[in-house]
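Colleague: Each chain, letter by letter, is given below.
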Amino acid sequence: MTAVTKTLDASGLACPMPIVRTRQALDGLATGDVLELISTDRGSWRDVPAWAESTGNPLLESREEDGRFIFLIQKA
Amino acid sequence: MIEVVSIDTPSLGDRSYLTTDGEVAVVVDPQRDLDRVMRLVEERQLRLSHVLETHVHNDYVTGGFALAQHTGATYVLNADDDVAFDHHGVTDGDELRTGGLILRVVHTPGHTPTHLSYALHDVSGKAIGVFTGGSMLFGSIGRTDLVDAAMTETLSRSQFRSVRRLAAILPDEVEVHPTHGFGSHCAATQTTRSASTIGAERTDNPALVADDEGTFIRALLSGLHPYPTYYAHMAPFNRSGPRAFEPVLPAPLDVPAIVAAVRAGSWVLDLRDRRAYGNSHLLGTLNAELRNDLPTYVGWLVPFDAAMVLLGDDRDDIAEAQRMLARIGYERLAGQAAVTELDWDGHELERSLRVARFADLDDTAADERTVLDVRDEWEWDSGHHPDAFHVPFHQLADRVGEIPPGRPVWVYCATGARATLAASVLERAGHQGVLVDDFCLPGDVPGKAAAAAKAS
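So the protein lines, in turn, are chains A and B.
The first sequence lines up with residues 1 to 76 when you count with our numbering.
The second sequence lines up with residues 1001 to 1456 when you count with our numbering.
Next up, chain A with everything else stripped away, as it sits in the complex:
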């Protein structure tokens, strides 16, 4: 189980807000910290890995749970 530094619940937010909030949250973390993002936006399943790759912040885990999409992103 990866240790989570901070959880960002972006449930209910519509595109582009989940990514906008994720970026803001990661800006406030230190290298190596892990952000847990919770989203209900189906588009996140595609956007979050794409954004993580584009910005070089490793996506450690992604899963779907009861209609919510959960991601663990590490700050590079």
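Among these hints, one or two may not hold up.
Using 25 Å as the maximum straight-line C-alpha spacing, the simulated DMTMM-like pairs for lysine to aspartate or glutamate come out as follows [as the list claims (entries may be wrong)]: (1) LYS75(A) x ASP1376(B); (2) LYS75(A) x GLU36(A); (3) LYS1448(B) x ASP1362(B); (4) LYS1126(B) x GLU1095(B); (5) LYS75(A) x GLU65(A); (6) LYS1448(B) x ASP1398(B); (7) LYS6(A) x ASP1204(B); (8) LYS1448(B) x ASP1376(B); (9) LYS1448(B) x ASP27(A); (10) LYS1448(B) x GLU1368(B); (11) LYS1448(B) x GLU65(A).
No lab work stands behind these hints, which were simulated from the structure alone.
With chain A's structure known, arrange chain B on it following the hints.
Modeller: For chain B alone, kept in the frame of chain A given last:
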């Protein structure tokens, strides 16, 4: 023990509610796909006695009329609501008693003139929760510009007073259960909480913390973003007593039938991921990715009563899209097909759409392409590509003629979803589109010229 169960519709940013004492149930603001509510009612063996509407909805087709018909429940709306069907009309101060549930009607105009909230009490009279519809939302309020431009200021004043009234008559611990929020365009601002109480709202609800009514109204009106054009059709549809959504797909089409549909002017929507579409698609089909925003973008682009054909990866995706679109009254489905079962390789209408990134755009010269930003005004205002031309997505259908012909159009948005749909619209109109599948978030200024300027 009274329970409130929330039934979420994330693609519209809406919630419906079922409240029960364990035997009897009341449903508030149900959506059109009744199977979700009926499953709850049947699993728990409840008797549905009432279906309540907080207002005649502007953002979705109600399932209330059909649900009441189907179950024999009493259909409750404001007595002043102008609707085509029989219903139990209520007014401010009325009380509905059913089993161990008491619901008190509070007239809370603002989002609409006849909008009601329902305060839930147990038989001892203790207030437990309040169904606030589009009035008091989580840290926000329902927008007041959906009825008539001439009424907006009056409705804004009413909304301020309605939210304050709810906070005045209900104690802090009462749970707030709004219908709108969660990404809905009916919310005046983005809401972030997923649960709340009257006490929590006192700390940051704009209507409760504003210094005065005037300040509140100015802030509310200046912060409103565009709402989907399909909204104009919802209230009339709801007033007519809409039937339930039937999850039945039409027969699958083959490639010649799909081509015929395109030629006949049907709106053929390809639900696949932008890369699959970019790799190979049929000219004249539009890339409306299956995401929560599908109803919003389709509602902005496709005429309300247009015939549609859905193409998707598989039957499940197509059925999901059909359900999402039916909730907003888009139900003229003329056909569908799973792309995995089709072969259009080498067809004269087969096309591919180049998928690129901002770094690729940097390698092109300004006079050899057009750069198109399809984000909303507030996103554009926060920063944009220096060479970009701006047409907000919701205006694209009307303004596509403004795009200069004869050179590729590189289209971008915040994450690429609106852009791929826009690029396919441009291609259908005869342009050569390039999809910038990249990120341009609020505040970003993409492009190497901008980066160089920033570095120096």
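Colleague: Evaluate each hint against the coordinates.
Modeller: Verification of the hints:
1. LYS75(A) x ASP1376(B): Violated, at about 29 Å.
2. LYS75(A) x GLU36(A): Holds, because 11 Å separates the two Cα atoms, which is no more than 25 Å.
3. LYS1448(B) x ASP1362(B): holds, 6 Å
4. LYS1126(B) x GLU1095(B): holds, 14 Å
5. LYS75(A) x GLU65(A): holds, 23 Å
6. LYS1448(B) x ASP1398(B): violated, 32 Å
7. LYS6(A) x ASP1204(B): holds, 23 Å
8. LYS1448(B) x ASP1376(B): Holds: LYS1448(B) and ASP1376(B) sit about 23 Å apart, inside 25 Å.
9. LYS1448(B) x ASP27(A): With Cα atoms ~22 Å apart, LYS1448(B) and ASP27(A) stay inside 25 Å; holds.
10. LYS1448(B) x GLU1368(B): holds, 17 Å
11. LYS1448(B) x GLU65(A): violated, 40 Å
In the structure shown, a violation is registered for the earlier hints numbered 1, 6 and 11, in ascending order.
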